[in-house]
Structures are given as structure tokens and as C-alpha cells.
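Protein sequences appear in the order of chains U and E. Start counting the first sequence at 357; every next residue gets the next number (the working numbering). Start counting the second sequence at 30; every next residue gets the next number (the working numbering).
Check each hint, because a few of them may be wrong.
[What the hints assert, rightly or not] Keeping only pairs whose Cα atoms sit at most 25 Å apart, straight-line, the calculated DSS-like set for lysine-lysine is:
#, chain 1, residue 1, chain 2, residue 2
1, U, 495, U, 370
2, U, 370, U, 396
3, U, 457, U, 412
4, U, 457, U, 495
5, U, 528, U, 443
6, E, 221, E, 36
7, E, 323, U, 528
8, E, 36, U, 370
9, E, 323, U, 443
10, E, 67, E, 36
11, E, 323, U, 457
[Stated by the list, open to error] A short list of chain U residues far from chain E (calculated; beta carbon distances all over 12 Å):
#, residue
12, 384
13, 388
14, 394
15, 429
16, 460
17, 520
18, 521
19, 560
[Said to hold, decoys possible] Ranges between beta-carbon positions, derived for each pair:
#, chain 1, residue 1, chain 2, residue 2, range
20, E, 315, U, 425, 38 to 44 Å
21, E, 294, U, 498, 43 to 49 Å
22, U, 481, E, 315, 33 to 39 Å
23, E, 278, U, 498, 25 to 31 Å
24, E, 357, U, 420, 35 to 41 Å
25, U, 357, E, 295, 34 to 40 Å
26, U, 498, E, 406, 34 to 40 Å
Since the hints were derived computationally from the structure, they do not count as laboratory data. Because the structure is a prediction, the values reported are computed rather than measured. Glycine included, each C-beta is placed from N, C-alpha and C at the ideal position.
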Amino acid sequence: MHVSIIEDDPVIAKAVATAVREAGHQCTWVADGEAAIRDKTLMSSDIVVIDMMLPKASGLDVLRAARQAGVRTPVIMLTARGAVSDKLEGFEAGADDYLVKPFAIDELLARIEAVYRRTAHKPAMELEAGDLHLSLANKRLAMAGRTIELTPTEFSILELLMRFQGQVVTRKMLCEHVWGFDWDGPTNVIEVHINRLRGKLDKGRDDSLIRTIRGRGYALTSA
Amino acid sequence: MPSRLLKKIPWATLRVRLTVWNTLVVLLITLMALLAVKVGARAALYREADAVLRGEVNEVTIALRDLYPNTDAVVDELRRKAVGHEERGWFTQLLTDDGKTIWKSDSCPPEVVGWPVARDKLEALVQVGGYRFARQRITDPADEPYHVRIGMATAFLDDDIDTLTRLLLPVALGLSLLTPLVGYWLALRATKPVAEILRTAEHLRPTRLGDRLEVHGTQDELDQLSVTINRLLDQVAGHVERQQQFVSDAAHELRGPLAAMRSSLEVAISQERTADAYRETLGEVLEEARHLSKLANDLLLLAETGDDTRARPRERLDLTAVARQTVAMFGGVAEERSVGLMLEPPNGAVQVAGDASQLRQVLGNLLDNAIRFTPDGGRVTVSVINDGDHHEAVVTVVDNGCGIEADRIDRVFDRFYKTDASRTRSQVARGGGLGLAICRSIVERHGGTIAVTSTAGRGTTFTVRLPTAAQLA
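Put together the whole structure using the sequences plus the hints.
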């Protein structure tokens, strides 16, 4: 996958580019809106991450110009402003997803994958990870052929972890996936469900299938 | 020169305008009074003169009848009258019925002498040019009619009126001259408090909000104005003080994580370390950065919900659904801690107009607090009721936790206020101190109220009241 990032802040651009490359994709950095329009960045990428506040031409200008030219490349907007009106403006201009700064790099990576998959293929109804087999249609988990009972919350959490197997999934993403909205309060409402999942999945294993990545989130080991 | 003087007068000021209006009104009244006196005096003088002339004519009539046929005696009487009142311009005339003059005084003006006799009327008053006379036709006793005329020059009456006017005019003039001066003095007196208010107000500075206008205790409108302005100043000063406190609190809160990050990084970079040590430092820094992000987001949310100029959220939503989702989210944590988290079964949807994510935030914050401050085995109950009488949706979150002491309860909604850590459970997660302030800001933005009651050691109840959607529509 070829990801382009149009972002004027070199620190953020460098971090995103590094993370994208380490995830096994190509990444191009464009520093201003005018250059992005001139070089037709959107046409030459599989997915584009655009910062809203850019010098010369704004992120919305770049996006509108591309959409008017009929370019349908998926776009994730980045912005320092989280107001509802700003989000609406982004979606109306043709953005596929929206992320408010400061954001977790893991979340951006996950969203890049999710948006790419959503626009490219239908989401899979059967997920495999190691000896885990998750059937979304029957809401059933089998581990090494044995059925394991999960609560709906646990099922939902495991589904997201399996979709992003080997990648970090943030608390925020899990909250939004499970309950439809984010909870960033002092209490970690995810942890308890993760612990119960571990209790069910880790019988007979030395290391836990679900790793806690401090300050970032959780990841399902890819092995 | 006068135009330069006119330019110097501050026409826009209240005192000058008051003076001008006063003067105009007094001038108008004086002029009208003068006119009324003149007209009234004239009418009275003429009426008086007419009565006198009539009386004289009547006297002559009686004399003529008494002395008949001795007309000479009557003529004598007429002469006496004319000469006796010469200085007032009196004249007398005696005529036959065919208009021939039998006798006339020297003062009798020609226009009166030549005035035709009127046979039809017995008695009348006639005005001829500048002369006025009473006349009578006398028929008795020998059926030989005579005509008597006794009159005067009206110039004398007009002179009297002119004299009166001359006497009154200086008074009116004096009044007209005095009015602006006295009026200006009165206006100055009346507007003095305004001038004082202006002077004080000019010295008010955003940085010196302690200054107040003087209140004289007279209870008049200007005093009330001062009181009102002072009250506004109090509010502004309080607002500014709270803002300053907020900024300094926010900076203080931001400094904590920043200091931790800085010292961690400084130690890490001071010498070569193992990859694990670096990883640990980065993890710590990441944790602090996450805390900072959360703080920044909370501050932004507070600023957004506290901004009156932004449009109110108007999405129609069911509060019981919001409560159900939030309770579901905290269900796992509560179960883990053996805290009985329960949503009282609502009887039907409770519709409010608002922002779903913000209202979830309110309920989330309340539940988060309740669960954190309730000991293991405790109880947290959420209920959503439609208070039809008040057109309000009432959400209560009741816990039987450690409670809040009476002297602290008023401050729980303050920004960055944290209850004494020693009173809370030892393993309480780190909160930002903004949760309840955000709750209040969001609820007030939705036109509602939030209140708390608590008994130390027994538990706490938070009550949120929001106007129902039907009420808003």
C-alpha cells in the first residue's frame, strides 16, 4: 500500500512516515497544499492523510480539488480542532475518516488499514489468528477447534484485535468499536474485559495472546 | 465672535440640553402669560368704561325727564360731564330725533358728530374709529325724542394697557435672562452625580477592577445606576478573577506532566543505557503525554461548552438510551470491583435535545466518580425519570460510597478541585480534576442544572435536570 501524508509539521510527518514504513507500506511526505495539488498526490497514492491546517492551500482545498477532478482515493483528515462543525466540513469535502490531534500513531495506522479495507474490499466474515477462529456470522469463537463462550463485549474486543492482528489497538478504538463512543476518563473500562478474555484464551499458554502495550493499548500476538 | 462662542458650548451634554429646553419652556410660558394679561386687562378696562358710560347716559336720561322741558339744564349737565372728564377724552352730544345736534361738547370728534342717529334702538354702545360712546333715545315725556351720546377716546384705555405692558415687560425679560442661568445651575446640580460617575468610570481599568462608583444612599435613579454598574463590576471582577485562577491552575496542572517528562528524558539521555531502560523511559513519557492530551482535550471541551456565543446542541435523543450505553460500558469494571451497578428500569423514553457525546460524557464522568469512590461491595444506582410537572428529565446517580464532607461539597464542581486523596480509596485512578466542572458546563449549556447532596460515610447523590425535548420544541 502506498500512503501519502500532506502535513507541514516535520515531526509529525516523520513519525507517521516511519510508522507506516515499519508497518510494511510505502510512504511519501508532501509539506504543503499547493505542492500536493500540483503533484496530484492523491492520484498516485492508495490512501492519503491530509492535515487541515496547511500553508498555501488548506487541506480542505486539496481534498476538494481532488474530488472535483474525480479522484476517489480514500482520505483521512487530521486536525487540531475537534468541533462537530469542523468534522462535518471535512466529511462534506469528501474525507473518509477524521482524526483529532493529538492522536495515537497506532490509531492512525489502524484507521489507514480500516479505511483502505473498507474502500477496497468487503470486511471478512471469518477471522483467523493462530489457533483462533472467529465467525462473525455465528458469533462463535473456536480455539484449536474447541468452542469458547464469550460475552458480547469480549467478542467485540477480540474481533477488533484479530482484525488488526500484530498491530496496536488503542483503548479509544476499542471503546468506539464496542460501545459506539469513546471513553477517555480516569477509569480504564476496557482492562477488565481484556483480563477476562485472557483468562479464557490463555489456558495452557506460557505468554498471553493479548499483550498490553504501555501507554498505547493492546495487541494480539501474530504468532 | 458669537459663532466661536456657540461652538465652545458643549451642545451634546445633558446639562446644556436641559438648560435649553428649560429656557424655551419658560420663555413660552412668559410670552403666553404676557399675552393673557394684555387681552384680559383690555377686556376688563373696556367693560369698566362701558359700564361707566352707560351709567352716565342713564343719569342724563333721568335728568332730561325730570327737568323737561328745560333742556338748558340738561345741556349744562352734559357740559359738566365733558369738561369734568376732559383729561380722559370724554365728549357729550345731544341730538334731535332727525339727527340735528342740539348741543355738543368741544371735545366731540367730527366722526361722532356726523354719525347717524339710530331710531330703532333705545340704548346701545357704539365704536367709531378711536372713539366709543353710549347712546340712548329718549322718548318721554312729551313724545319728542332726543338722542344723548356720552363717549370717550379709547386711546386712553390703550395707553393704560401699554403702560401695564411696559411694566410687565422688564419682568418677563428678567425671567428670560434668569432662566438659562438658574436652569444651567439646576441642570448642573442634577447631573453632578452623572459627571462623577463619568469621572470614576474614566479611571476604571481592566487591570484595576477594585474601583467602584460612590453610592450616596439617596435611592434616586442615579444612585441606582451606580449600584447597577457596581454590581456589573463585581461580576466582571469575579469572572476575571476566576479566569485568572483557571489559567494559573491549568498551567500548574500542565507543569506536572511536563516536569515528569523532562526529568525522565534528561536522565535517560545523560548516559548510555540499555534498550530496556530506554523503552521504560519512553513508556513513562508516553503515559505523561497521554495525560497531557487528556488535559488539553478537557480544557478545550470546557472552553467550547462555556462559550455562550456557540449555538446550543439540538439533536433529539433518548436519555434512557444514553444511560443504558454508559451503564453497559462501566458494567465490567463495576462487576470486577463487586460494586452493584444498576440502571433503574425506565418507564418509556425520555427525550431531550442535546449533544449525545456530551451527555454521555456527563453520565460517564458521574459513573466513573461514583464507582471510583465507592468501596468494593458498594452500590451505584442510576435512574432516568421524566418529571412531567416541570417538563424536565431527571437523571440521578446514587452511590453509598465514602461521601463528601459538608465543607467540601460546594466546591466539587470547581475546576481542578480534587477531594482529599487520603479520604478516597488508595487505588483510585488519577483524575484530572475537571470531570465535574465539565459536567456542569455541559449541563448548563443544555439549559439544565446539576446538584449534589452527600452524607460523609453514607454516600453521594448527583442530580442532573435537563429540559425535555417537548419543552424545547
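TODO: Just double-check residue 520 of chain U for me: nearest Cβ-Cβ distance to chain E has to come out over 12 Å.
DONE: holds, 19 Å
- [ ] Take the C-alpha atoms of residue 36 of chain E and residue 370 of chain U, compute the straight-line distance between them, and say whether it is at most 25 Å.
- [x] Roughly 71 Å separates the two Cα atoms, so the pair is violated.
Task: Supplied distance hint 25 to 31 Å, evaluated on CB atoms of residue 278 of chain E and residue 498 of chain U - done: Because 54 Å falls outside the window, the suggested range is violated.
Task: Given as non-interface: residue 429 of chain U, partner chain E, CB spacing beyond 12 Å - done: holds, 29 Å
TODO: For the range 43 to 49 Å, tell me whether the beta carbons of residue 294 of chain E and residue 498 of chain U fit it or not.
DONE: At 46 Å between Cβs, range holds.
TODO: Beyond 12 Å from every chain E Cβ: check whether that's true for residue 394 of chain U.
DONE: Since the minimum Cβ distance to chain E is about 34 Å, residue 394 of chain U lies beyond 12 Å and the statement holds.
- [ ] Take a quick look at whether residue 457 of chain U and residue 412 of chain U sit within 25 Å of each other, Cα to Cα.
- [x] holds, 21 Å
- [ ] Check the non-interface label on residue 384 of chain U: least C-beta distance to chain E beyond 12 Å or not.
- [x] Correct as stated: the minimum Cβ-Cβ distance to chain E is 27 Å, above 12 Å.
TODO: Verify that the Cβ of residue 560 of chain U lies farther than 12 Å from every Cβ atom of chain E, and report whether the claim holds or is violated.
DONE: Nearest chain E Cβ is 24 Å from residue 560 of chain U, so the label holds.
Open item on the list: Does residue 443 of chain U sit within 25 Å of residue 323 of chain E, going by the straight-line distance between their CA atoms?
Closed with: Answer holds: residue 323 of chain E to residue 443 of chain U is near 19 Å, not above 25 Å.
- [ ] Verify the proposed pairing of residue 323 of chain E with residue 457 of chain U, using a straight-line Cα cut of 25 Å.
- [x] holds, 11 Å
TODO: Just double-check residue 521 of chain U for me: nearest Cβ-Cβ distance to chain E has to come out over 12 Å.
DONE: At about 22 Å from chain E, residue 521 of chain U clears the 12 Å cut-off, so the statement holds.
Hint compliance for this structure: hints 1, 4, 8, 10, 16, 23 are not met, and every other hint is.
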